Amino acid sequence: MTTLKIPSPLRTYTEGQSEIDVQGGTVAEAMEHLVEQHPALRQHLFNEKHELRPFVNLYINQEDIRQLQDLATPVKADDRLMIVPSIAGGLTQVDHFASTQRGGRDGSIMALPTRRNWDDRLKR
Amino acid sequence: MTISDNGNVDLNHEEILRYSRHLLIPEVGLAGQKKIKASSVLVIGTGGLGSPVAMYLAAAGVGRIGLVDYDQVDASNLQRQVIHGTSGIGTLKVESARQRMLDINPDIQVDVYNEPFTSANAMRIAQDYDLLIDGTDNFPTRYLTNDVSVLLGKPNVYGSIFRFDGQVSVFDARGGPCYRCLFPEPPPPGLVPSCAEGGVLGVLPGTIGTLQATEALKLILGIGETLLGRLLLFNALDMSFDFVTLRKNPNCKICGPNPEVTELIDYEEFCGVPGHDHEEGSVGGGWDIEALQLADRLRAGENIHLLDVREPHELEISHLEGSDLIPLGQLAARLSELDSADEMVVFCKAGTRSARALELLASAGFRKVKNLKGGINAWAKDVDPSLPIY
Chain A
1 MTTLKIPSPL RTYTEGQSEI DVQGGTVAEA MEHLVEQHPA LRQHLFNEKH ELRPFVNLYI
61 NQEDIRQLQD LATPVKADDR LMIVPSIAGG LTQVDHFAST QRGGRDGSIM ALPTRRNWDD
121 RLKR
Chain B
1 MTISDNGNVD LNHEEILRYS RHLLIPEVGL AGQKKIKASS VLVIGTGGLG SPVAMYLAAA
61 GVGRIGLVDY DQVDASNLQR QVIHGTSGIG TLKVESARQR MLDINPDIQV DVYNEPFTSA
121 NAMRIAQDYD LLIDGTDNFP TRYLTNDVSV LLGKPNVYGS IFRFDGQVSV FDARGGPCYR
181 CLFPEPPPPG LVPSCAEGGV LGVLPGTIGT LQATEALKLI LGIGETLLGR LLLFNALDMS
241 FDFVTLRKNP NCKICGPNPE VTELIDYEEF CGVPGHDHEE GSVGGGWDIE ALQLADRLRA
301 GENIHLLDVR EPHELEISHL EGSDLIPLGQ LAARLSELDS ADEMVVFCKA GTRSARALEL
361 LASAGFRKVK NLKGGINAWA KDVDPSLPIY
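If you read the sequences in order, they're chains A and B. For the first sequence, the residue numbers in my numbering are 1 to 124. For the second sequence, the residue numbers in my numbering are 1 to 390.
Any given hint might turn out to be false.
As the list claims (entries may be wrong) - In silico EDC-like pairs for lysine to aspartate or glutamate, Cα to Cα no more than 16 Å straight-line:
{"id": "1", "chain 1": "B", "residue 1": "Lys248", "chain 2": "A", "residue 2": "Glu63"}
{"id": "2", "chain 1": "A", "residue 1": "Lys5", "chain 2": "B", "residue 2": "Glu263"}
{"id": "3", "chain 1": "A", "residue 1": "Lys5", "chain 2": "B", "residue 2": "Asp111"}
Stated by the list, open to error - Residues from chain A that face chain B, not an exhaustive set, calculated with beta carbons under 8 Å:
{"id": "4", "residue": "Ser18"}
{"id": "5", "residue": "Pro54"}
{"id": "6", "residue": "Tyr59"}
{"id": "7", "residue": "Gln62"}
{"id": "8", "residue": "Ser86"}
{"id": "9", "residue": "Ala88"}
Bear in mind the hints are in silico, worked out from the structure with no lab data behind them. Predicted model, so just to flag it, every value in this text is computed and none were measured. Positions of the beta carbon are idealized from the N, C-alpha and C atoms, including for glycine.
Turn these sequences into a full structure, and let the hints guide you.
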């Protein structure tokens, strides 16, 4: 079992879990196991062609997978995977994806009155 | 790597007493303290990160410290920007910071630059300093700071924070990677929450800023192992410190062997976001509505759909009666719930997220939509003082 560390901006999609156990012989398989467990993560990490998004930095035992064999990099049981987000003091790429990806999340507008009369409130 | 020699500086008796705890450390000693006194550091941003950096470097006796910031002290800064105090609200941040630093240590020189750090002034400001400290809060200024550091051949002590996460590194393209090697491209323009809207645990910039100050002193002294080639990842919730290895990117657009970037560029265009928050809160181009204008139209009985794009927990702080909530992060997926035939006003806390929401709505064909300029905070200020400003 390999451990994958989730940065806090992505923990919304892992029910708050900071570390996830994943299985697989390669980084690609381990990541697939991750998104199977937490499907909401998929669109934040991969594009439609199932390539890692260019803003997602993925490290295995402190090394950037792009400097190894990318998604084909072999993974052993005691390896440690980590996602490194770009943050700038309130701005995250990860949040950006959360904001711009269509579909995936559902919900309805909170039921509130549509007819508004502000006079009472404004007179106060 | 020693970044400054100690020249002809000397320490008088008062300074020897002041710095005695440094002089007692063999790795610093009298020679090291002279190096610190002879050094100069430019601190870009005097906010959450810049506060501890500037205070500790002043206390340590860095001979000349430059401060760049165009902003004024606001009450909402004081939760984390500990260099400023309540009595300084409304004053220039660089002046407020200088006063505090000279109170800590009157023997140093503090140069202030009360202006945004831009492509137009950055090289001129930075060229006279030994090293740069990135205490900024946005991507455009981070890429600018990096490129200045690479082009001038000076170390850049990087620190960045978000909510509970912090990152620290030392970039120096002369012997290691730069910020662009780690993050070649900024996040694409779009629906990103601004610094003012993202939130941050108040002590986090203290933790990260003091680490930056530590790295700066090590660079000045030429001691220890700096974070050059390593990225420190801190998480306050887990209380974890992780490191990853950073390597020079052979395809780096500024520090690689075939650089495309050979002079400063337009970083706001590069990142697709404004570099400083003076432009925040409005969209421009006739897409904004002032709080008073909106109040008049509602008072006149107009049926206007008020769309709140903040997060659910912000409703507990303030709320506009009759508004609907769709957090910005869900808007793209929930457009079908909105009717483009409705007159609509979108709002958030201060107008930044709603400006992003408006861009999204406009690109989806919504034409009868306006952005509440300055957000619910402007409404609280101009229309309904019973609401708090946050």
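For each hint, the structure was consulted:
1. Lys248(B) with Glu63(A): 13 Å, holds
2. Lys5(A) with Glu263(B): Not OK: Lys5(A) and Glu263(B) at ~38 Å, beyond 16 Å, violated.
3. Lys5(A) with Asp111(B): Judged against 16 Å, a Cα distance of about 42 Å means the pair is violated.
4. Ser18: 5 Å, holds
5. Pro54: It holds, given that the least Cβ distance between Pro54(A) and chain B is near 6 Å, below 8 Å.
6. Tyr59: With Cβ-Cβ at 5 Å, under 8 Å, it holds.
7. Gln62: OK, holds: Gln62(A) within 8 Å of chain B, min 5 Å.
8. Ser86: With Cβ-Cβ at 5 Å, under 8 Å, it holds.
9. Ala88: Given a least distance of 5 Å, the restraint on Ala88(A) holds.
Checked against the numbered hints listed earlier, the structure breaks hints 2, 3; every other hint is satisfied.
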